[in-house]
Amino acid sequence: MADAYNVLEVRGIHTFIGQFHILEGVTVVVPRGSITVLLGRNGAGKTTTLKSIMGLTPPSQGSITLEGQSLVGRRAFTIAQMGVGYVPEHRAIFRDLTVRENLVIAQRKGDDLERRADFIFELFPDLKRFYSLPGGNLSGGQQQMLAVARALVPENRLLLIDEPSEGLAPVIIEHLIEAIRKLAAQTTVLLVEQNFRVASILADRYVIIDDGRSVVSGQMQDLIHDEALVQRYLGVA
Amino acid sequence: MQRTRGTYALILTLTVGLLAFSFITSAGDLGSFGTTLLSGLFLGALYFLVASGLSIIFGLMDILNFAQGAYFMVGAYVTYSLFHLEAFQGIDVNLRFPLGVVVGTIIGGVLGVVLERGLLRPLYARPIFQLVLTFGVAIVFGEGLKAIWGTEGYSWSTVTSFGIHQSQFEIFGRQFGAYRLFVVAVGVVLIVLIGLLLQRTRIGIIIRAGVEDSEMVEALGINVRAVFTMVFTLGCAVAAFGGAIAAPFLGANLGMGNAFLLPGIAVVVLGGLGSYMGTAVGSFMVGLAVAVVARFASEFLNQTVWASITPMLLLILILLLRPSGLFGKESR
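So the protein lines, in turn, are chains R and B. Oh and the first sequence: position 156 is 156 in this note's numbering, straight run, nothing missing. Oh and the second sequence: position 219 is 1219 in this note's numbering, straight run, nothing missing.
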């Protein structure tokens, strides 16, 4: 039974990629208005969890519900239309398209960009300056901002953001942290983040994934003070 | 930026080289030179009509559609029949040709939907199977046309709509067929129209984005399979339109599919896989090269085989200089 308090409920999903059994029982619950972070070592299954929610690597077992509606068996475009925004790892902006075109393509209604432009450009002023430039000409940080901005064009109920700080300079990371905090005031966020400092600043809740299974979850504040748990699953002193 | 400049320099060098070679071997005969140039532009326009569909389909869907030449033939046969068959002689002569072009294009598009939705869609995870399938479909189309129209080719009658087929104009003391100029104009108009579609419309943005990363496009809420169907249909319809437009000049015969498919593939590869600009520029470069070599070979070598292999020779030359084609992405 879905809890009305939770935007997303992922229960016991198993996902195969080819013949490889990547997820072997992942459970993630994301309360409304929260920032929940998926933590774990490289290859633990965090990105596959986001892709399974998005319908890009569909699970073979388990349930995924968005505000009570099942997402299992739906294609990615339908899941996006139901209000799930996705910011993949490595940015995945369209390099040959201009900044404007990268934002236009994300519209679900004709006036989405017009309505959301002020909010987006307040978060990421650089994008307004480089509006007519191809995405491939932007710096790494600006490309990450564009990838996040693209997910903000339609009004989504849930944002899935994969490794936003990866490969970025510290000053850009601070800017992104600020931006994600602001956008979290409007929507619910499920984040994958390797950088424990960034995760601990941003997240309210955490789920640790280890070897394809969700092993621990709880309040982020509790994890910050549990050095043994952090050391055991994340290898962070 | 430097690479782009180098690409334009290469295009300019090859084009000027071909024109200079043509002019020198014409011994200064401007009439002969003009005929070759017009033939090159005419062939370039027809190559574009086959190659543009191939290029967009390959760029978006990673499918090399070997049936593209068959769609070109379907357009030619349907248009020929609508113009010449007894049953349609009651229709005004000035309407029969445009009607044939429209019907031929629509039939090409419908057959495109059938191929994509009925046969290719179940094979999206198996690229090699798709390749073999389109090759098989090309053979089936050829046999189908043979069953309906027989093995003999058809030449266009002297009667035409608006008299455009017989119209001539004179430059440098030589008569040129106005119809060739008409085909060149149609090719240029289509280059502009498809270019505008890709650059100025939302569906064009989606297609260009899909060429880069179709999974991400789907994750943005766009039904990529529907876009695949639309693009495949458009590609097949444009090829059928090319055959229909070419019919008054080339007639309709079973060899015309392959005659345009192979140069079309050369154009797509040498222009840079998935690059619309590369396809447009490459079409006219290949057209010009074929026309120049054809005239030289028939006049001086007394054989025509060189013209047939020219697209592949040009492809090899360009790939040696630019391994990813003229406008292709380095990493592709």
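For the record, the hints were derived by calculation from the structure and aren't laboratory data. A virtual CB, placed ideally from N, CA and C, is assigned to each residue, including glycine. The reader is advised that the hints may include incorrect statements.
[As the list claims (entries may be wrong)] Here are the simulated distance ranges between beta carbons:
| no. | chain 1 | residue 1 | chain 2 | residue 2 | range |
| --- | --- | --- | --- | --- | --- |
| 1 | B | 1153 | R | 19 | 48 to 54 angstroms |
| 2 | R | 19 | B | 1223 | 26 to 32 angstroms |
| 3 | R | 211 | B | 1258 | 28 to 34 angstroms |
| 4 | B | 1013 | R | 170 | 32 to 38 angstroms |
| 5 | R | 186 | B | 1258 | 54 to 60 angstroms |
[What the hints assert, rightly or not] Here's a subset of chain B near chain R, in silico, CB distances under 7 angstroms, partners left out:
| no. | residue |
| --- | --- |
| 6 | 1212 |
| 7 | 1219 |
| 8 | 1222 |
Now for the hints, and whether the structure bears them out:
1. 1153/B x 19/R: 48 to 54 angstroms: holds (52 angstroms)
2. 19/R x 1223/B: 26 to 32 angstroms: Because 29 angstroms falls inside the window, the suggested range holds.
3. 211/R x 1258/B: 28 to 34 angstroms: Between residue 211/R and residue 1258/B, where Cβ atoms are some 55 angstroms apart, the hint is violated.
4. 1013/B x 170/R: 32 to 38 angstroms: violated (48 angstroms)
5. 186/R x 1258/B: 54 to 60 angstroms: holds (58 angstroms)
6. 1212: holds (5 angstroms)
7. 1219: holds (5 angstroms)
8. 1222: Status holds, d = 6 angstroms.
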